[in-house]
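The residues making up each chain are set out below.
2 protein chains.
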Amino acid sequence: MMEDHVFYDCATAPSPRRARMFIVEKGLDIPTVQVDLRNDEQLGDDFRAINPRCTVPALKLPDGTVLGDNASIARYLEEIRPAPPLMGRDPVEKAVIAEWNAVAESDGLLAMAETIRNSLPGLKGRALTGPQNYEQIPALAERGKARVGYFFELLNARLIDHAYLGGDRFSVADITAFVVVEFAGWVKLVPPGRQTALIEWRTAIAQRPSANK
Amino acid sequence: MMEDHVFYDCATAPSPRRARMFIVEKGLDIPTVQVDLRNDEQLGDDFRAINPRCTVPALKLPDGTVLGDNASIARYLEEIRPAPPLMGRDPVEKAVIAEWNAVAESDGLLAMAETIRNSLPGLKGRALTGPQNYEQIPALAERGKARVGYFFELLNARLIDHAYLGGDRFSVADITAFVVVEFAGWVKLVPPGRQTALIEWRTAIAQRPSANK
Numbered sequence: 156m157m158e159d160h161v162f163y164d165c166a167t168a169p170s171p172r173r174a175r176m177f178i179v180e181k182g183l184d185i186p187t188v189q190v191d192l193r194n195d196e197q198l199g200d201d202f203r204a205i206n207p208r209c210t211v212p213a214l215k216l217p218d219g220t221v222l223g224d225n226a227s228i229a230r231y232l233e234e235i236r237p238a239p240p241l242m243g244r245d246p247v248e249k250a251v252i253a254e255w256n257a258v259a260e261s262d263g264l265l266a267m268a269e270t271i272r273n274s275l276p277g278l279k280g281r282a283l284t285g286p287q288n289y290e291q292i293p294a295l296a297e298r299g300k301a302r303v304g305y306f307f308e309l310l311n312a313r314l315i316d317h318a319y320l321g322g323d324r325f326s327v328a329d330i331t332a333f334v335v336v337e338f339a340g341w342v343k344l345v346p347p348g349r350q351t352a353l354i355e356w357r358t359a360i361a362q363r364p365s366a367n368k
Numbered sequence: 156m157m158e159d160h161v162f163y164d165c166a167t168a169p170s171p172r173r174a175r176m177f178i179v180e181k182g183l184d185i186p187t188v189q190v191d192l193r194n195d196e197q198l199g200d201d202f203r204a205i206n207p208r209c210t211v212p213a214l215k216l217p218d219g220t221v222l223g224d225n226a227s228i229a230r231y232l233e234e235i236r237p238a239p240p241l242m243g244r245d246p247v248e249k250a251v252i253a254e255w256n257a258v259a260e261s262d263g264l265l266a267m268a269e270t271i272r273n274s275l276p277g278l279k280g281r282a283l284t285g286p287q288n289y290e291q292i293p294a295l296a297e298r299g300k301a302r303v304g305y306f307f308e309l310l311n312a313r314l315i316d317h318a319y320l321g322g323d324r325f326s327v328a329d330i331t332a333f334v335v336v337e338f339a340g341w342v343k344l345v346p347p348g349r350q351t352a353l354i355e356w357r358t359a360i361a362q363r364p365s366a367n368k
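In the order they appear, the protein sequences are chains A and B. My numbering puts the first residue of the first sequence at 156, with every later residue one more than the last. My numbering puts the first residue of the second sequence at 156, with every later residue one more than the last.
Worth flagging that the hints you see were computed from the coordinates, not collected in a lab. Honestly, I wouldn't trust all of these hints.
Stated by the list, open to error - Heads up, simulated SDA-like pairs for lysine to any residue below, C-alpha to C-alpha not over 25 Å straight-line:
no. : chain 1 : residue 1 : chain 2 : residue 2
1   : A       : Lys300    : B       : Ile271
2   : A       : Lys215    : B       : Asp245
3   : A       : Lys300    : B       : Pro207
4   : B       : Lys300    : A       : Lys215
5   : A       : Lys215    : B       : Ala166
6   : A       : Lys300    : B       : Ala296
7   : A       : Lys300    : B       : Pro293
8   : B       : Lys343    : A       : Gln287
9   : B       : Lys300    : A       : Thr167
10  : B       : Lys215    : A       : Asn311
11  : A       : Lys215    : B       : Val247
12  : A       : Lys279    : B       : Ala294
13  : A       : Lys300    : A       : Thr167
14  : A       : Lys343    : A       : Arg324
15  : A       : Lys300    : B       : Lys343
16  : B       : Lys215    : A       : Arg324
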């Protein structure tokens, strides 16, 4: 138990799930505070004082520094707890994992966020996370759905001849992409049956302890 | 000169500028091929065979691997040429730099790309980079401009009490944010005069050799 850290989580949201899976895969146990996104707790003064960007995940370090996104949390944890490596072992593997993680963010997570945040009535005026309010753009929700379909194709093509996105080992890129595929299920976007490599990869990851916490 | 690598660049575009600056800051000299984005060379069969994502920057490695985005190229170069460090020296610094680089991408570069790609007549039907074609969404261009203004505020607030975004040393986060600020100038989005910390930081970076190549 890392008693000198605090993890700010929300059990129902996709972005903090990425950090939560990373923490479990590292075998770490960090005191966790749930932030109630459904009641906009992230926009309140208390949480804003912790993370001015008003987003989870966040990780408070022993020196008081608050890391406020998945990029920083993953990098920090990989550095202080190198085993098992989730961000690669040699320069090329590290680069390939960084690239697939970025693809999963830009072509997957962002497309899904666009789909959800520009269509759900409960998110009117909240089309982006963070302290600023932006109106929904319905055309963006439609585009997002098309992009998610393309993202599934990218994943499946890669997984036909690689066990994991980064190569032969599970990595942070698999975490990000898996969370996106699960998130897509919220709006019934699911990989078509012909994408067998993607479906098998998803089934295998869903059985890891980190996917069930 | 790293004769066994090939850097695919486009001298006029913001994204490859990030990699180009990184290469120069590392003191590296890599054989470079210009890809003519204005004539859609990135969408042609020849370049598609190199980077199926049809984007620059890309970096071909001695083993034939092609790294196809800034995330992978920066990670690879930081690993093979650790000095000077551009991605941090200790776990906390590495994390903070990763976070500011991600902020510069999501709140800065993405907002600028939305502004440009959803408004320029020459980019009709090409609202996103990559092999897929998407129509422009004018509302997204408007939102992008507002977001860039907020991004400038974020940068200025950070730079009031830090010489660089990651702390006291120049890093990849400064490269990304600097390229965004310069990119914003294309559409006359410039930091207002009261943002003196941001303006001083920009002026200093503009004088580095890496900003002039």
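These are the hints, each one checked on the structure:
Taken as a hint, the A/Lys300 and B/Ile271 pair is honoured in the structure, with Cα atoms around 22 Å apart against an allowance of 25 Å. Of the supplied pair hints, the one linking A/Lys215 and B/Asp245 holds, its CA atoms being roughly 17 Å apart against a limit of 25 Å. Proximity of A/Lys300 to B/Pro207 is assessed by CA-CA distance (about 21 Å); at most 25 Å being required, the pair is judged to hold. Restraint check: the Cα-Cα separation between B/Lys300 and A/Lys215 comes to about 32 Å, which exceeds 25 Å; the hinted pair is violated.
For the given pair, A/Lys215 sits about 41 Å from B/Ala166 by alpha-carbon distance, which is inconsistent with the 25 Å threshold. Taking the CA atoms of A/Lys300 and B/Ala296, the gap is about 20 Å. The hint holds against a cut of 25 Å. For the hint pairing A/Lys300 with B/Pro293, the CA-to-CA distance comes to about 19 Å; that is within 25 Å, so the pair holds. A threshold of 25 Å between alpha carbons decides the hint, and for B/Lys343 with A/Gln287 the separation of about 22 Å falls inside it, so the pair holds.
Restraint check: the Cα-Cα separation between B/Lys300 and A/Thr167 comes to about 32 Å, which exceeds 25 Å; the hinted pair is violated. For the suggested pair B/Lys215 and A/Asn311, the alpha carbons sit about 24 Å apart, so the restraint of at most 25 Å is met. For a cut-off of 25 Å, the pair hint linking A/Lys215 to B/Val247 stands: about 11 Å separates their Cα positions. In summary, the hint linking A/Lys279 to B/Ala294 is supported, as the alpha carbons are separated by about 15 Å, within the 25 Å threshold.
A C-alpha spacing of about 21 Å is found between A/Lys300 and A/Thr167, which places the hinted pair at or below 25 Å, so the restraint holds. For the hint linking A/Lys343 to A/Arg324, the alpha-carbon distance of about 29 Å lies beyond 25 Å, and the restraint is violated. Between A/Lys300 and B/Lys343 the alpha-carbon distance is near 33 Å, which puts this suggested pair outside the 25 Å criterion. As the CA atoms of B/Lys215 and A/Arg324 are separated by approximately 23 Å, the hinted pair is consistent with the 25 Å bound.
Hint check: violations occur at hints 4, 5, 9, 14, 15; the rest are consistent with the structure.
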